[in-house]
Amino acid sequence: DQQVKQNSPSLSVQEGRISILNCDYTNSMFDYFLWYKKYPAEGPTFLISISSIKDKNEDGRFTVFLNKSAKHLSLHIVPSQPGDSAVYFCAASAAEGGSEKLVFGKGTKLTVNP
Amino acid sequence: GAGVSQSPRYKVAKRGQDVALRCDPISGHVSLFWYQQALGQGPEFLTYFQNEAQLDKSGLPSDRFFAERPEGSVSTLKIQRTQQEDSAVYLCASSLARGAVKAFFGQGTRLTVV
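Residue numbers (this note's numbering), protein chains in the order written: chain E, 46 to 159; chain R, 20 to 133.
This is chain R alone, in the form it adopts within the complex:
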């Protein structure tokens, strides 16, 4: 596709429910990032993939958060047993080569936990 595509755009989950957020990066992009953006804040790093390898998951806030990119293209961010503090916009970004510079962002998934 022309850009980074994320789905769903909006997700409302009941507390305790599991959710899965999808990211389709730009075709051919090696690097893929997930960020979490709380209201009024800047994006905060969650995790980074280079192809299918998850090279950095230092930003994942708890073991309820899990990300995968099994074939080096599409990625899924899964949140288990969602809690209200998980409410945020989840942004996916991809870049052509190794590194975060000039990463292209998707529109994000707004997750609301009620």
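Here chain E stands alone, though its shape is the one from the complex:
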């Protein structure tokens, strides 16, 4: 049973437009959420995170929104650039529950076309 779900395996957007990547979770114990970006043959790179006490966190072109009641978060990239083309993983942690592990979704492959 997948606790973190990224239902879109791929997304294609035009350069300069907004990219919106979605993530749903089922475990209400999750209290910290992260997005990782992964290029081929490299390890995941931390992008942005959000604590469950917030509903929005912004860092430059990247904004993460959290809707706790819907158990849903999204990553907005605006404006999208060709270098943003990568696989994006949503991950969640239940640190308050004593577990230190991250639970990942399957990823969404973003392609930004010039």
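Don't read these hints as lab results, they were simulated from the structure.
Be careful, since some hints might not be right.
[What the hints assert, rightly or not] If you anchor each label on the Cβ, the simulated ranges turn out as follows:
1) E:S53 <-> R:S77: 23 to 33 Å
2) E:N112 <-> R:V133: 44 to 54 Å
3) R:A21 <-> E:G61: 31 to 41 Å
4) R:Q102 <-> E:V123: 43 to 53 Å
5) R:Q60 <-> E:G128: 17 to 27 Å
6) E:E60 <-> R:P89: 42 to 52 Å
7) R:N70 <-> E:P159: 45 to 55 Å
8) E:A86 <-> R:A39: 18 to 28 Å
9) E:L56 <-> R:A57: 20 to 30 Å
10) E:D100 <-> R:Q36: 42 to 52 Å
11) E:V123 <-> R:D37: 44 to 54 Å
Computed from a predicted structure; not experimentally measured.
Ideal placement from N, C-alpha and C gives every residue a C-beta, glycine not left out.
Add chain R to chain E, keeping to what the hints say.
Okay, now just chain R, sitting in the frame of chain E:
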């Protein structure tokens, strides 16, 4: 070093062979994690160390998998009697303090069991 270093980058093992995968975390990082990433999937948690103590090994798929971090820095993931389903990318991550948030990942070791 500047980042998390894993070796070897690629390993081909014959079924039944034992393998050892090495992880050099970022200097001073207390927490160390091992994840397994199968093709088309997100990383899945295997085990977690805080310094030399293995605090969570709930993700290890069988008793053929063994991890150690004897001096609280370098870690080794050992897989005994490898099987084809062990083929995956094995990712190591480390973080400065207790907890998985903002963990930094290595490039991974791609294990292929033939």
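Against the structure, the hints come out as follows:
1. E:S53 <-> R:S77: 23 to 33 Å: holds, 29 Å
2. E:N112 <-> R:V133: 44 to 54 Å: Since the Cβ atoms of N112 of chain E and V133 of chain R sit about 46 Å apart, the hinted range of 44 to 54 Å holds.
3. R:A21 <-> E:G61: 31 to 41 Å: Distance hint for A21 of chain R, G61 of chain E holds at roughly 33 Å.
4. R:Q102 <-> E:V123: 43 to 53 Å: holds, 45 Å
5. R:Q60 <-> E:G128: 17 to 27 Å: At 25 Å between Cβs, range holds.
6. E:E60 <-> R:P89: 42 to 52 Å: Holds, at about 49 Å.
7. R:N70 <-> E:P159: 45 to 55 Å: holds, 47 Å
8. E:A86 <-> R:A39: 18 to 28 Å: Since A86 of chain E and A39 of chain R have Cβ atoms about 22 Å apart, the given range 18 to 28 Å holds.
9. E:L56 <-> R:A57: 20 to 30 Å: With Cβ atoms ~22 Å apart, the hint holds.
10. E:D100 <-> R:Q36: 42 to 52 Å: holds, 50 Å
11. E:V123 <-> R:D37: 44 to 54 Å: holds, 49 Å
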